[in-house]
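Undergrad: Sequence:
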Amino acid sequence: MVIYLTMKINLYNSLTNKVEEFKTIKPGEVSMYVCGPTVYSDPHIGNMRPVVLFDTLNRFFTYVGYKVKFVSNFTNVDDKIINKAIKENVSEEVISERYTKDYMDCLDALNILPAYKRPKVTEYMDDIIKYIANLVNINAAYVVDGDVFFDVMKVKDYGCLSKIKIDDLISGARVELNDKKHNPLDFALWKKTENGIKWHTDWCEGRPGWHTECCVMIDSIFGGVIDIHGGGLDLKFPHHENEIAQAMATHNNKIAHYWIHNGMMNINSEKMSKSLGNVIKAKDGINLYGADTIRLLLLNCQYRNTLNFTDDAVRDTNAILDKLNNCYKQLNLKLALEGVKLEGKSDLINPFLESMSDDINLPNAITNLLDMIKLANSELRNKDCSLDKLKEYFYALSGMIYVLGLHINVRIYTSDEISLYKEYLDSKKSKDFVKSDELRKVLIEKEVL
RNA sequence: GCUUCCUUAGCCAAGUUGGUAAGGCAAUUGACUGCAACUCAAUGACCGAUGGUUCAAAUCCGUCAGGAAGCUCCA
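With the working numbering, letter number 189 in the first sequence gets 257, and the count goes up by one each step, no holes.
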């Protein structure tokens, strides 16, 4: 397993807009942080794209032998949460916990690996306040009437991630008007608030802005620069840009060596939006189409491209899944019948791993999967099929299924099931079709066939 | 207006250190099969348009057209 650590992995870095060779900071260990949800409503299906993508990346790293420290946060302090709490006349915690649970339910359904940590903003308030205080101390931030703003002019590289020039932004059509700010691009680190949960600080009673929490959590949990920071493309600006600005001011680093952004998702070529009424909630999508279908559908598209969710895409995805399930089941059964060990690894998975190493080229990896299925099916049809080959195919497919995170497991058959299956094969051989048809019915009921 | 990105067969979709285009779905044909399911094989594109660089470009550069996202704490 560890031998794969020598594998060369390339990743597209949003920071440089180039494909770069992936080198970890600590040998054999990957630190990865992905921006999580603001827990104020049900997650929709598009929210699951980064979830599934980065989980698959996590699985890939794990499979090839890395230890992965995966962290994703919950924003549980936010205007939307406060407003919803007021509307329902409950505490903010009730709201945020409700939707945190909903979110976690979706992750469970989608077979997401446990994270190293899933921190919440409220758990890091002391660190956040200290972090902001330091920014004020070093003069990268300023206080106006209790509000604290970050001064973007204090950072040389502001715009390095989004490739946006400060001057262009300022002359842009839609810059927020705020008399308090020195510069329209300055963003709130801490704001004075009337409603909702608030914390006491020297500046005022209030709560933090959105952009600081990720910096602080990464600092506190990882204690320095990390390997990968991920998130949706929509977060690139201003959120990730502002994270980098704060880290540059604080530590003179850009938080992560590799910034990875997944593309957005459309439904029938339209952006999901409440006004169009085309939003599919994640849990509804999972219930309607199945977790594996959703997972594979989200993965079967270059991750930086816009993904279009359509009925055709669902159909295509199911075709792949059906093939995989059928083939895997037949291999499993055949090997079980012959008493071959069902756990193992095979080098036949290498093309798949190479596709994954090529900037997470999942469409090609899935093609590799289909190639393997084709080989296995042909061999299964072969009258004197080679058990060794079937075993290799099975092991390779098992690895791919693990990386893709599908709910397809190795099945251990009971001796009764095996003998029933043998009986079925014998009856077919002796052309006792009445009996074989009956046995087939039973076997299908038991999901052996 | 500014920034970034996209445009490949009926549909979905890979493919940038340049050298005559993966795969899937659908369709048609054939093979296998006691029947069914499953499966296998064969058949299609000169890569948005137009210039340029080059012996050679889907792949590099220019222009145009169409589309997307961001610039508004929405992944």
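It is possible that some hints are incorrect.
[Said to hold, decoys possible] Derived pair list, reagent style DMTMM-like, types lysine to aspartate or glutamate, alpha-carbon separation capped at 20 Å: (1) K266 / D110; (2) K86 / D426; (3) K413 / D427; (4) K509 / E485; (5) K91 / D426; (6) K497 / D384; (7) K260 / D110; (8) K86 / D427; (9) K457 / D500; (10) K397 / E515; (11) K490 / D500; (12) K152 / D110.
Calculated from the structure, these hints are not laboratory results.
Note that this is a predicted model, so its numbers are computed, not measured.
Undergrad: Are there hints from earlier that the structure breaks, and if so, what are their numbers?
TA: 1, 3, 6, 7 and 9
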